[in-house]
Amino acid sequence: MRYTFLLYTDPADLAHMGPEDWAEQQQAYGAYIGALKEAGVFVDTDWLQPVTTATTLTAKDGTQVVQDGPFAETKERLGGYFVIDVPDLDAAMEWAWKSPSAKTSKVEIRASAMEG
Amino acid sequence: MSDAARAAEIAARDSYGRLLAYLAARTRDIGLAEDALSHAFAKALSDWPISGVPDRPDAWLLTVARNAVTDRQRHLTRFHEDTEVPDMPVPEMADALPDKRLALLMVCAHPAIARDLHTPLMLQTVLGVEARVIARLFMVSPAALTKRLGRAKAKVKAAGIPFTLPGPEDLPTRAAAIREAIYGAHGLDWVDPGDGLGDEALYLADLLARLLPEDAEAAGLAALIAFGHARARARVVDGVLVPTDAQDVGLWDEQLQFYADRQLTRAFALGDVGRFQIEAAIQQVHMLRKDTGVTDWNALNQLYHGLIQISPSVGAQVAQAVVTARLHGAAAGLSALAEIERQCGTEVQPLWAARADMLSELDDAVTACVAYDRAIALATEAPVIAFLNAQRAKIIARI
Chain E
1 MRYTFLLYTD PADLAHMGPE DWAEQQQAYG AYIGALKEAG VFVDTDWLQP VTTATTLTAK
61 DGTQVVQDGP FAETKERLGG YFVIDVPDLD AAMEWAWKSP SAKTSKVEIR ASAMEG
Chain S
1 MSDAARAAEI AARDSYGRLL AYLAARTRDI GLAEDALSHA FAKALSDWPI SGVPDRPDAW
61 LLTVARNAVT DRQRHLTRFH EDTEVPDMPV PEMADALPDK RLALLMVCAH PAIARDLHTP
121 LMLQTVLGVE ARVIARLFMV SPAALTKRLG RAKAKVKAAG IPFTLPGPED LPTRAAAIRE
181 AIYGAHGLDW VDPGDGLGDE ALYLADLLAR LLPEDAEAAG LAALIAFGHA RARARVVDGV
241 LVPTDAQDVG LWDEQLQFYA DRQLTRAFAL GDVGRFQIEA AIQQVHMLRK DTGVTDWNAL
301 NQLYHGLIQI SPSVGAQVAQ AVVTARLHGA AAGLSALAEI ERQCGTEVQP LWAARADMLS
361 ELDDAVTACV AYDRAIALAT EAPVIAFLNA QRAKIIARI
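Read top to bottom, the protein sequences are chains E and S.
Residue 102 in the numbering used here is what sits at position 102 of the first sequence, and the numbering runs on without skipping anything.
Residue 298 in the numbering used here is what sits at position 298 of the second sequence, and the numbering runs on without skipping anything.
Bound-form chain E, shown alone (with noise of 0.2 Å):
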């Protein structure tokens, strides 16, 4: 079976964190991403730019909108995720417009935070 994890994180507890903290926690995972592709369970990972730089779109009234910011929770839950490598948030989107779901609900777009 194929699991996937959705890490959520309070903004608030990352705000104070300072540099040796971030290595500290760099490390933590790198240790943990090591131990689960020893065990040969790892398949992907990512690292999220903050939920302030989030763009979320939908077509699901048959007009395309655009927003700036994460989806709003409402009674819709998160049912999966893809991740994909383009060069840009306009690429990003225009994949993201072909998404079924985006014709049924919505997408929210976060970069990588991993990439320099």
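Don't read these hints as lab results, they were simulated from the structure.
Hints are all accurate, no fakes.
In silico DMTMM-like links for lysine to aspartate or glutamate, alpha-carbon gap of 20 Å or less:
#, chain 1, residue 1, chain 2, residue 2
1, S, 157, E, 46
2, S, 157, E, 90
3, E, 98, S, 170
4, S, 394, S, 361
5, S, 157, E, 108
6, E, 98, E, 61
7, E, 98, S, 169
8, S, 157, E, 94
9, S, 157, E, 85
10, E, 103, S, 170
11, E, 103, E, 90
12, E, 75, E, 61
13, S, 157, S, 71
14, S, 157, E, 88
15, S, 147, S, 34
16, S, 290, S, 245
Position chain S relative to chain E; hints supplied.
Relative to the frame of chain E, chain S by itself:
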């Protein structure tokens, strides 16, 4: 002001947007580009009075800013020491600097940036208008606006909003967003040009019309804003609004009117009529009074009819009702207003101002007075209120 300081200021006005767009496009980081450029301008102000103004101020500023970018990137890359510093050769001639301002405008009006930030971002990045000035014009707290602009710039970088032009499929909607944002800057100073963004909106509209020469609506917008500006001195006299058909044509700016005429001719030649071109054409008809001595209400009636088809708005409907009153009498105008009120509700300021005027014409002084009271209560701009008060005083004198 010393020559060196003046040279720095001229360089600032002429080059700010061009340099910032270039630096931001290369780094994909507007905040970093802004910091580097303001460092370069500060250095120019301190160096140039001593060492003299360089032969190519733009190239000098770019070199200093580029070095500041490099310094900052080295400093910032804590976790990625091996990250390549972008290569940014100084162009031989400042004129040869690739113009990235259209890409910067595209970023400012990107759909992933909150719509109400499009205009402030453009003013700040393309024109270098300070956040506190923008905050005053938009009547928001400077601290809150600065914070939101900072977040938007951080998003441009973190979310990877590209400094490239969209493909032909997306270009029309993206260009439309830029035009709307420029129109937003124009709307800010409509009544009181003394405080504001008149020149900046015209500058941006002219810039867009040059950057997108095939965009008929960009030319139409430049024409519309220029027609408005041409009448700036005639629009408010002694703090009182003067309606267009009562303005002293001697106060209209001929050069701006000529510029606007030319832009509109160019727009129509592109064969893609839109809202801004029709609005500009309405202004053009009003301003033909300078040559003919009369206002062509029939032409205005047709143009408003077209405008309402393409881009319906209460403002256009009320304006057409006013034209109806001119063509067919105040009673016809009043019944058109009643129909608009039925559709759009009663809290429409221009509707009450128009109604008061029509009632005055029919000598219905008491009802006119009530309408003026409503119009005054709903008005927000001082010259409009002063005009309505004066009209109201005239009608009271007749009771």
